[in-house]
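Undergrad: So the sequence lines, in the order shown, correspond to chains A and B.
Here my numbering is used: position 27 in the first sequence is 27, and no number is missing along the way.
Here my numbering is used: position 84 in the second sequence is 84, and no number is missing along the way.
Some hints could be false.
[Stated by the list, open to error] Restricting the straight-line Cα-Cα distance to at most 20 Å, the calculated cross-link-like pairs of lysine to aspartate or glutamate (EDC-like) are: (1) Lys70(B) x Glu53(B); (2) Lys96(B) x Glu50(A); (3) Lys104(B) x Asp83(B); (4) Lys96(B) x Glu53(A).
Everything labelled a hint here was simulated from the structure, so no lab data went into it.
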Amino acid sequence: EAGVVQSPRYKIIEKKQPVAFWCNPISGHNTLYWYRQNLGQGPELLIRYENEEAVDDSQLPKDRFSAERLKGVDSTLKIQPAELGDSAVYLCASSAGGLAATDTQYFGPGTRLTVL
Amino acid sequence: SQQGEEDPQALSIQEGENATMNCSYKTSINNLQWYRQNSGRGLVHLILIRSNEREKHSGRLRVTLDTSKKSSSLLITASRAADTASYFCATARSEKLVFGKGTKLTVNP
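The shape of chain A in the complex, shown without the other chains (with noise of 0.2 Å):
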């Protein structure tokens, strides 16, 4: 069974430019996850979705970031401008049940994210 895939697995750009990370769930799960992580740290939520429906967007910068899930399949991060601060590691999970609190959630490799 293939697991999350996630890409690119490396960006580099300079601040003010867009950028768009990927994530292909594994197959029939309906809830997929982006989290953050910095350096040092653990990850941190950034956007739930059950199937192709946002429930849970309350840590996401809206004012830069944006995501969408097209027919709760695959799902697109994007961030535009980007800025000094928003270099971390973007992951990508996705688990079968939709109950963020009880599923085993399984994770991509992640997109490491360097803005200059």
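Starting from the known structure of chain A, fit chain B onto it as the hints suggest.
TA: Only chain B this time, still in chain A's reference frame:
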């Protein structure tokens, strides 16, 4: 914001020794989960312990939970070099999983 606090921040042991990591948290939880992250990789789920459970085992892993002290521990027995990774506790509450900062474990061969 991060609820869990792992202790120690870093741990270095010899292969074959046991490794113990602790996690403290602040509010009531539904369950507590432990994840492992190898360098440059995503997180891997290790074990989940519910709030009404006190101890759980999985292979060489043993997790305890003390809800009165709001703390949990992860014990890895007979450690191997391949156990070198960062270990995170994550507390589950109100449909949200909140991760701590992690313990970086190094197992020397």
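Undergrad: Run the distance test for Lys96(B) versus Glu53(A): straight-line Cα separation, threshold 20 Å.
TA: holds (16 Å)
Undergrad: Just to be careful, I want the Cα atoms of Lys96(B) and Glu50(A) compared with a cutoff of 20 Å; is the pair within it?
TA: Holds. Lys96(B) to Glu50(A) sits at ~13 Å (cutoff 20 Å).
Undergrad: Please work out if Lys104(B) and Asp83(B) have their alpha carbons no farther apart than 20 Å.
TA: Distance of about 10 Å is within 20 Å: holds.
Undergrad: Next pair to validate is Lys70(B) with Glu53(B); report whether the Cα-Cα distance is within 20 Å.
TA: holds (13 Å)
Violated hints for the displayed structure: none, as all numbered hints are satisfied.
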